[in-house]
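Take any residue in the sequence shown, note its place counting from 1, add 284, and you have its number in our numbering.
Among these hints, one or two may not hold up.
Said to hold, decoys possible - Once the Cα atoms are required to be at most 25 Å apart in a straight line, the calculated DSS-like pairs of lysine-lysine come out as:
id, residue 1, residue 2
1, 381, 484
2, 333, 397
3, 401, 333
4, 484, 470
5, 413, 425
6, 425, 397
7, 320, 333
8, 413, 332
9, 454, 299
10, 385, 320
11, 385, 425
12, 401, 385
13, 454, 397
14, 413, 333
No lab work stands behind these hints: they were computed from the structure.
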Amino acid sequence: MSTSTTNNISAGQVKELRERSGAPMMDCKNALTEAKGDLEGAMVILRKKGIATAAKKAARITSEGSVASYIHAGGKIGVLVEVNCESDFVARTDDFKDLVKDIAMHIAASDPKFVRKEDVTPEAYEKEKDIYRAQAASTGKPANVVEKIVEGKMAKFYEEVCLMDQPFVKEPGINIHQLVASKIGKLGENISVRRFARFKVGDVGETIAVSKPAATEKAE
285 MSTSTTNNIS AGQVKELRER SGAPMMDCKN ALTEAKGDLE GAMVILRKKG
335 IATAAKKAAR ITSEGSVASY IHAGGKIGVL VEVNCESDFV ARTDDFKDLV
385 KDIAMHIAAS DPKFVRKEDV TPEAYEKEKD IYRAQAASTG KPANVVEKIV
435 EGKMAKFYEE VCLMDQPFVK EPGINIHQLV ASKIGKLGEN ISVRRFARFK
485 VGDVGETIAV SKPAATEKAE
């Protein structure tokens, strides 16, 4: 890190990055320096740092947290979500509350069926895989190519039905896993989405998703 590069980073740039990322001032300055003043590049650096921090904290127990509700579309869609953290102190911060509200709003908009890919039931997994395999096989491609096609379609399936793999509706450049990881980096505690329920007027049944015990937001 050269002194000249550091001196070229203005206080205004640091302030803007801090407002966008919520990261500490010195982390913002260091990220801007590493990215040679590029704001988007600095955001990527901060997100990577947040995910790395999340991985280190992933084994820590989350026994506190908050439940939030969100009502959408004129009372036609309702969501309840439980998000856990390590301490009541963090659970009461505006950053954590905003995260829980954002996740509830995202669930209302994106209609996930599971919290994370590990929670997908064997029945749902095999059903989708069989459908994709039949579709790929009908093209007449070799078996090894068919399996690669199926793997790609299953990755897309997870993005569609698993909350943590879905692109965040307010910022599609990141997924919910990355959103949570960035808050772990900022707040310094492990955070885990425990469960949610989504109700829609007229639906035959509501979506209720519960994460498997001891699930954590490990970095991919």
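So, going through the hints one by one against the coordinates:
Annotation: proposed proximity of residue 381 to residue 484 holds, straight-line Cα distance about 24 Å (limit 25 Å). The hinted pair formed by residue 333 and residue 397 fails the criterion: a straight-line CA distance of about 29 Å is larger than 25 Å. At roughly 23 Å between alpha-carbon atoms, residue 401 and residue 333 fall within 25 Å of each other, so this suggested pair holds. Restraint check for residue 484 and residue 470: not satisfied, since their Cα atoms lie roughly 34 Å apart, outside the 25 Å limit.
Under the criterion of a C-alpha separation no larger than 25 Å, the hint pairing residue 413 with residue 425 is consistent with the structure, at around 17 Å. Distance restraint check for residue 425 and residue 397: the Cα-Cα separation of roughly 31 Å exceeds the 25 Å cut-off, and the hinted pair is therefore not satisfied. Between residue 320 and residue 333 the CA atoms are separated by roughly 17 Å; this keeps the pair inside 25 Å, and the hint holds. Distance restraint check for residue 413 and residue 332: the Cα-Cα separation of roughly 32 Å exceeds the 25 Å cut-off, and the hinted pair is therefore not satisfied.
The hinted pair formed by residue 454 and residue 299 meets the criterion: a straight-line CA distance of about 22 Å does not exceed 25 Å. For a cut-off of 25 Å, the pair hint linking residue 385 to residue 320 is broken: about 34 Å separates their Cα positions. Straight-line distance between C-alpha atoms of residue 385 and residue 425 comes to about 46 Å, which puts the hinted pair past the 25 Å bound. With a C-alpha separation of about 22 Å, the suggested pair residue 401 and residue 385 falls inside the 25 Å cut-off, and the hint holds.
With a C-alpha separation of about 19 Å, the suggested pair residue 454 and residue 397 falls inside the 25 Å cut-off, and the hint holds. The straight-line distance between the Cα atoms of residue 413 and residue 333 is roughly 35 Å, outside the 25 Å bound, and the hint therefore fails.
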